[in-house]
Every structure is written in structure tokens, then in C-alpha cells.
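Peer 1: Sequences are here, hints too, so could you generate the full structure?
Protein chains: 2
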Amino acid sequence: MIMSRIEAPRDEDTAATGDLVGRLLDGLPAEAVLTDPDVTASYANDMASFCPAGAPAVVVLPRTVEEVQHVMRTATALRVPVVPQGARTGLSGAANASDGCIVLSLTKMDRILEINPVDRVAVVEPGVVNATLSRAVGEHGLYYPPDPSSWEMCTIGGNIGTASGGLCCVKYGVTAEYVLGLDVVLADGRLMTTGRRTAKGVAGYDLTRLFVGSEGSLGIVVRAVLALRPKPPEQLVLAAEFSSAAAACDAVCRIMEGGHVPSLLELMDRTTVKAVNDLAHMGLPETTEALLLAAFDTTDPAADLAAVGALCEAAGATQVVPADDAAESELLLQARRLSLTALEAVKGTTMIDDVCVPRSRLGDMLEGIERIAEKYRLTIGVCAHAGDGNTHPTVCFDASDPDESRRARESFDEIMGLGLELGGTITGEHGVGVLKKEWLAREIGPVGLEMQRAVKQVFDPLGILNPGKLF
Amino acid sequence: MIMSRIEAPRDEDTAATGDLVGRLLDGLPAEAVLTDPDVTASYANDMASFCPAGAPAVVVLPRTVEEVQHVMRTATALRVPVVPQGARTGLSGAANASDGCIVLSLTKMDRILEINPVDRVAVVEPGVVNATLSRAVGEHGLYYPPDPSSWEMCTIGGNIGTASGGLCCVKYGVTAEYVLGLDVVLADGRLMTTGRRTAKGVAGYDLTRLFVGSEGSLGIVVRAVLALRPKPPEQLVLAAEFSSAAAACDAVCRIMEGGHVPSLLELMDRTTVKAVNDLAHMGLPETTEALLLAAFDTTDPAADLAAVGALCEAAGATQVVPADDAAESELLLQARRLSLTALEAVKGTTMIDDVCVPRSRLGDMLEGIERIAEKYRLTIGVCAHAGDGNTHPTVCFDASDPDESRRARESFDEIMGLGLELGGTITGEHGVGVLKKEWLAREIGPVGLEMQRAVKQVFDPLGILNPGKLF
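Chains as they are written, first to last, in the numbering used here: chain D, 72 to 542; chain B, 72 to 542.
Hints may be right or wrong, so weigh each one.
All copies of an identical chain are treated as equivalent in the list; a pair is satisfied when it fits inside any one copy or across any two copies.
Only pairs whose alpha carbons sit at most 20 Å apart, straight line, appear in this in silico EDC-like list of lysine to aspartate or glutamate [said to hold, decoys possible]: (1) Lys302 x Glu328; (2) Lys302 x Asp368; (3) Lys242 x Asp368; (4) Lys302 x Asp371; (5) Lys446 x Glu475; (6) Lys345 x Glu360; (7) Lys179 x Asp97; (8) Lys302 x Glu185; (9) Lys302 x Glu223; (10) Lys508 x Glu485.
If you are wondering where the hints come from, they were derived from the structure by calculation, not from laboratory data.
Peer 2: Next comes the structure, spelled out in C-alpha cells:
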């Protein structure tokens, strides 16, 4: 729908592309405008599978707000679609290029402008890498919680675009919770400031949160005020083995119902445990049907782990092993962090789903995924941010086998359908992008979809901002 | 602007009002439609000073979603403005009636539909009183943090409309942090569901947060999914006296910079302390220039209070008194809770401001307020959610004295101007309503204002939803 409102991409028209590049160079230094097709092609994709991508007409790498404004003014004048990008670690195709577009990479706007320990805020440009910020604030005794798996590479701008989560969310919430205010370049190049740098503020509609998770479809974030927390004590991890996934999910429910606040509560199913062992020979217990990792970053984590260990045993854990120290904790977490890489190695290709259900339905979700894996004769490994009910069912398949690929795609969709049936969402933290846009309507319904499209129209009347994503 | 798009109110036209009431009665029981002018007049105002209010044509008290839909369909058909109301405890005039409007009181939709300790959510209708919900979830070992001063009266729907804060915010954040999903009746009567009941979710734009704090100007919230937390231990309070407001603000900065996470960090200035003593003879130290209250609801609150007490002494506290138990803590909090009532008693009338600044600028804010009080020859008492930088400068004046009233109004505005100069916001938690709508543009700028108006237009093309508020 949105695509139809844009003039057809004119990348076949050299004169038009020349005009576009010429105009961009009026306000950007030459080194910030990339046109070599081999180079621009390398900006076509994020990390999602099964998501089509087009060939960009040009890639721009602005370093200032004014340069971004120039890019957007040019795009508006010429009606050229703009695809904003961070580190392209996304998993939904939201950063994939469309044919003839301007890829607007924010990676060169990577300055941390301020870290304020009294106000507990950081002010950053969008290209700052998550881990860079996390380490920088750590030096001030502060903590920026959001920690997507890609935290060593992904940018804050990308995190804001997709409202990223991570392992920390069960205690600390997602990126959205940490964005206080934004500077945004609108589609027509005007600069808008949203939100605040104060702890509280209710002046007008919350446009800040509207932009978080909007996948670059409403405007270009060029500056963000982020909330920080005091650095918590180092977390201590416990591992619990279960003879069934249902028992592990029961333990999760008991832990949360018991009022515990773990800093991490992760689940790896049998398939994932085996894949990690195969890849990294970590000596995880292959007889386990589900491995639960719980952590606490409290003042007395050993006491918290003891309480949670007892709940795991009550739920039928066959073994409960608390880590003695930070080093042992780190080893256990490494296994979890390797999960997706390990599952990728199983069959060469994976589709990572991101269905989040109410945590009371986690057991039903895992049981349903096992049924779907059987039905489609596929290997589907599940690792989950279990405390959030956020599962990452990962379909392992051979992309060179068309039938297996078809089954993979079908099982992926069926998993989303199951998530909705259980009162969940098609995406807990990875976003809609290209991958799930057909599913968005099913989740939010026709009225919601109509209002969302109307909001899009307000901020992007020409439909040039990341067209073909989300809707 | 919005008003001009509505047909002139026709309350002088008995036939038109008769038509309106008749149509409302087609879908509402007789007892849910109030037309006696004496009765409807009692619904004209919330608790704000200096905010004009009109005479409602009719007050409706629906009990079901379908009834709310009928009201909105009727309002759309007849182009009649609708003013949604909760308990009318607001302080910005956002719930004030306009002439000829339908007052849509949600107070009869007051059912708690679900409390789920595993998912840590509650599902409620908008008319549930904050304290009722807090107590109900408490019985399940859960905690709903938002605690505006009016918590014994105010409704969850009203809290959502104004994105209310309270004493808890320094640790637990504001209402917005606890709203996961909404059912909303749109201006034309259609029902829209936003958000989720899962811990995480990023499917589409965050319309939930757009509605939080929108003061009934985008739609009618008829159901909310709220996040809950485990009930923390009882908090323990410490009182610290300072010989200057600057020293107290310095203590606040040291506490927050030191990485402490108090569950409450409140400041009362000399004027407020004196007013509370005058009203309730609480024996607070009248020699103090500023009284700071800090609390912790941790597992070892005494240790936390000791650390914070030491920081207060380092900042120059003349006396530091930690409470020994919950009863002593409660006494100290009572003094804080009485502040506004006590300041009201000083001169008969008050204007309560709600300026929030970065907490590092709290000292500058208090100093500036003192300067403004002197300039306008007024008594301005300040109590503040100091940990948030959220001040409530309260102008005490005699409303029967036109000159003093004028000076009160001018000082009120000057305080907002000072807040903006210090990088703050004109409203930390009370909202814009009628009281501050002329100031909104100053805070968010012309581009932001234009986009906010355009968003309003999407949800309320006829301008019937709480017209004349916010913008």
C-alpha cells in the first residue's frame, strides 16, 4: 500500500540516480556518499532469513544532524525511499534495503555526548554501539540494562528502532523503558524534539514511545536521552536440570509467583543443549530435557539462589547447581549465549521466531512447539527468556532443500498462530520488519491496523520512510 | 482550533438537548443518564484552580463497554463534545466540562476483572479506585506502585489519562510504566485493543503509551492490563533537617550519585513544615529550612538508611533521625501527605505547580522559586518528589484579593518558565489540561506541537474528545 504511493524506483535511470547523488553531495562530504554497487550491495540486508531485499541507489553515512536533515530534504524533494540502518543485526528484515532507496546508515554518528551520574542519564547519538555505552556508563558506576545478544555490535539507534530486549528484561525491562527523549529528523527534514531529560514528564502525547519500536518508519532518531540505573552487584547464576520442559516451565511459574525478582531466567530445551555441546563441547548434561538458568544480582544472591533452587526441586528438577562465583556464572551464561550460533550449525540455516506468551502459558507454548516440530518433521530448538514468556523457537533447516524450506516457513507461521492463541504476541523483541508484516494485522486487528497506518501517514505522508516494513 | 471545528454547543436549544438525551437513552438505562442541572453541575470541575468549566448538557454513567460505544456513536452522530471523567481529583482542569458536553463518567465501570500472580498482571475497568486495586493485589502478595496523593479516591482510568505519579516514582516510576495494554472506545464508537498482556511485545507502534497521559483526548479507555510487582518489604523512613534548601538538594544529589535506590525521597521546605505544624501540631522542627525524607523498602533498610544518613550529614544536615519501625515511618509520611492540605489552609486558596527539573538542578529551582516568591510578595511553599526533581511549588493566596490573585497567576507562570530554563518540564505528573495548555507549545516547540495536533486529528477527526484541553 505504502509502496504504491511512491514513484517507481528509478535506479535503472542513470540520470535520476546521478541527480540524487548530486543533490546528496550538495550537503554531504564525498566520503559520506557511497555509490559503488559492490559496496552499496553490502548494505542490502540485516540478519533476518527469508526477507527480500532490494538494491540501494546510494548509501549515505552522515556525521551530523544537519547532514541527516539534508538527506531527508533531498529524499522528500525527489520522492526517494529512505531505509535507516544501524549495525544491521536485526532479525526481521526491518533494515533491508528496497530497490533504488537511500540507505541511511547512522553508524558514523557514534558519539556519547553526556553521562550524568546525578541525573542518571546518558545522551547519545544513534550509532553508539550498545556495549560501548554499557562500558562507558559502567565506569561511572552506572548501568544501561538493555542487552540484546548482539550487544557487542548493535547500535542504540537500532535498539530504539526495534525496542530491543535481551537477557536482562525479566528484571530490568526492554529498551523502551530507558528512552526518555529523542531528537528526530522528520521525513521532510525538520527536526523534532520529544520527551524530556527529567525523571518524570507528561507534557503532551508520548511521541518518544511512539518512535521506540517504529523501525525507522516515522522519522530518523539522531539523538537520544537514555535513563540509567546504578550498577547492580555482579550476578550469580544457578543451573537446574529437568526431565521435562513442562516441569521447567512449572518452576518458572513458581519462581515468579513466589515474588522472586531474578536478573535473568532463561530456558534451553534438549535440542539447544545438544547443539551447544556439539558446537563447543561444554559438557552440558545431555540427558536433560530442559535446562533452566536463574540469576540474581542482589546483595545476597546465594540466599536468593537457594530459595529458587528449592522451588526448582519442588517442580521436579533432577539436579540444581548454583555457581560458586562470577567465573562459574559466566560459563553457564556462555552456554546460553552460544545457543543461536549452535542451532545455526545444526542444518546450516535457521529461522528464529520471537513469540512471547503470558508466562503462565509457557508450558503450553513449548508443548505446542514440540507438536509442530513433529508435524513438519523438523528440528526446532527453543531457547527462551523464560521469565518473560518470550520464546525463540529456532527452526533448523537445509535452505538448499525446497521442501524442507517450505516446511520451515510453515512451521514458523504455525508457531506464531499458537502464540496468538495463547494470548501472546508474534514478536516480543525482534520486531515486525518484513518477516512478520502479514501477521501484524492478525495480532492487532483491523481497527488497530487502520489507526497505525493513519499515524504512519501523519509522520510520513509521502511514504518514503522505510516503505514496505511493518505494514 | 479544535473548538472551532465543533458546531456551537446547543444547550440553549432544549430540543437539541432533548434529542441528545433521547438518543443516549436508546442504549443506556435511565439511571445512567443524569440531566438535572443541579446534579450535572456537580460534575463540572476537577480539583484545579483557575480553570474555566462549562455546564454539561448531560452526565452519563455507563457500566459496560457497549454502553460507552453507544455514547460515543451518539456523540459522533450529533457532533457533541465528550468529556471523560474519573474521580475528578486532577489538578489541571483536564476533566472540566465544556458547555453542552456529555460528561462521560467511568466511575461505575469499577470491576477488577483479573489478578494473576504468575503473569503479575491485573486486568481492570477504568473506574477502579487506585487504593482498591492496591489493596486487592496486596492480598496476592503483589504491588501496584503508582500512588498519587489522591490514591484513596482517584481511579485507574484517571491515572492513565494523566499518567499519574506519586511518592513511589523515584524507585518505581509512573503509571505509564505499568500499563501493558488497553481497550479503547474510539471517537466513532469502534473498539480498539492496544498492547499486550505479556511481559514484552513490539508488534506495531506503541499506541498504549500514546493513550497514557492523553487526558481523554484520543479515546475512552474501558479496560486496562496493568503490570504488577512483587510486594516489597515495608519501608523504613529517615528524616533529615537542613539549615538551607541548597544543602538538602546537595544531599539529594549525593544520594542519587551514590547509587542508592530509595523507595521515596521527599523534600518539604520551611514554609511547608510550618504549615503542617500549624494545621496538625505534628511537632516538626520549625527551625529547619528544609526537611528531607528518605525511605528504603529493601531487605536491610536500616543499613541503607545509615548510608544515606551519612550522606545527609556530609551535605550539612543538622539532624538525622531514622525511624525505628513502620509506625514511626508512617508518622513521618503523614506530615508529607498533609503538605498540600496544610498549604491550602495558609491563605484559603492555592495553585499547585508541578515543575520537574533534572535532579541536578533541583537546588537552582528551589533558589529561583524563593526569588519569585519575594518578587511577587507571595507565600510559596514547596514540597517536592526530590529524588525525581519534581517540585510542587504551591502558591498560597487570597482569592478574594484581585491583585494577589494576579500576582499568584504571574508567579505560577514564572515558575514554569524557570523550570524550562533549567532543562525541565512544565508538568512532571499532573498534566496539561486547561491550566497549562498555553505553556505546552513553549515546551515542545512548533514542530512537536504540529505533530501532536496531527495525531489528535487521526483519533478525533471531529474534535469531540475533550476539546479545549492540552492544545
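Peer 1: With identical chains treated as interchangeable, where does the CA-CA distance between Lys302 and Glu185 reach 20 Å or less: within a copy, between copies, both, or neither?
Peer 2: within (17 Å within a copy, 35 Å between copies)
Peer 1: Reference check for the pair Lys242 and Asp368, CA-CA at most 20 Å: within, between, both, or neither?
Peer 2: Close inside one copy (10 Å) and across copies (17 Å); limit 20 Å.
Peer 1: Measure nothing new, just compare the shortest in-copy and cross-copy C-alpha distances for Lys446 and Glu475 to 20 Å and report within, between, both or neither.
Peer 2: Only inside one copy: Lys446 and Glu475 sit 12 Å apart there, 79 Å across copies, limit 20 Å.
Peer 1: Checking an output row: Lys508 and Glu485, CA cutoff 20 Å. Within, between, both or neither?
Peer 2: within (15 Å within a copy, 49 Å between copies)
Peer 1: Please work out whether the CA atoms of Lys179 and Asp97 approach to 20 Å or closer within one copy, between two copies, in both situations, or in neither?
Peer 2: Within. Shortest intra-copy distance 19 Å satisfies the 20 Å Cα cut-off; inter-copy 62 Å does not.
Peer 1: Could you place Lys302 and Asp371 in one of the four classes (within, between, both, neither) given a Cα distance threshold of 20 Å?
Peer 2: both (15 Å within a copy, 18 Å between copies)
Peer 1: Could you figure out if Lys302 and Asp368 sit no more than 20 Å apart (CA to CA) within one copy, between two copies, both or neither?
Peer 2: both (10 Å within a copy, 18 Å between copies)
Peer 1: Since the copies are identical, ignore which copy is meant and state whether Lys345 and Glu360 lie within 20 Å (CA to CA) inside a copy, between copies, both or neither.
Peer 2: Result: close within a single copy only, 10 Å intra versus 66 Å inter.
Peer 1: Is the C-alpha distance from Lys302 to Glu223 at most 20 Å within one copy, between copies, in both cases, or in neither?
Peer 2: Cα proximity of Lys302 and Glu223: one copy only (19 Å, versus 35 Å across).
Peer 1: Reference check for the pair Lys302 and Glu328, CA-CA at most 20 Å: within, between, both, or neither?
Peer 2: Close across copies (11 Å), not inside one copy (26 Å); limit 20 Å.
Violated hints for the displayed structure: none, as all numbered hints are satisfied.
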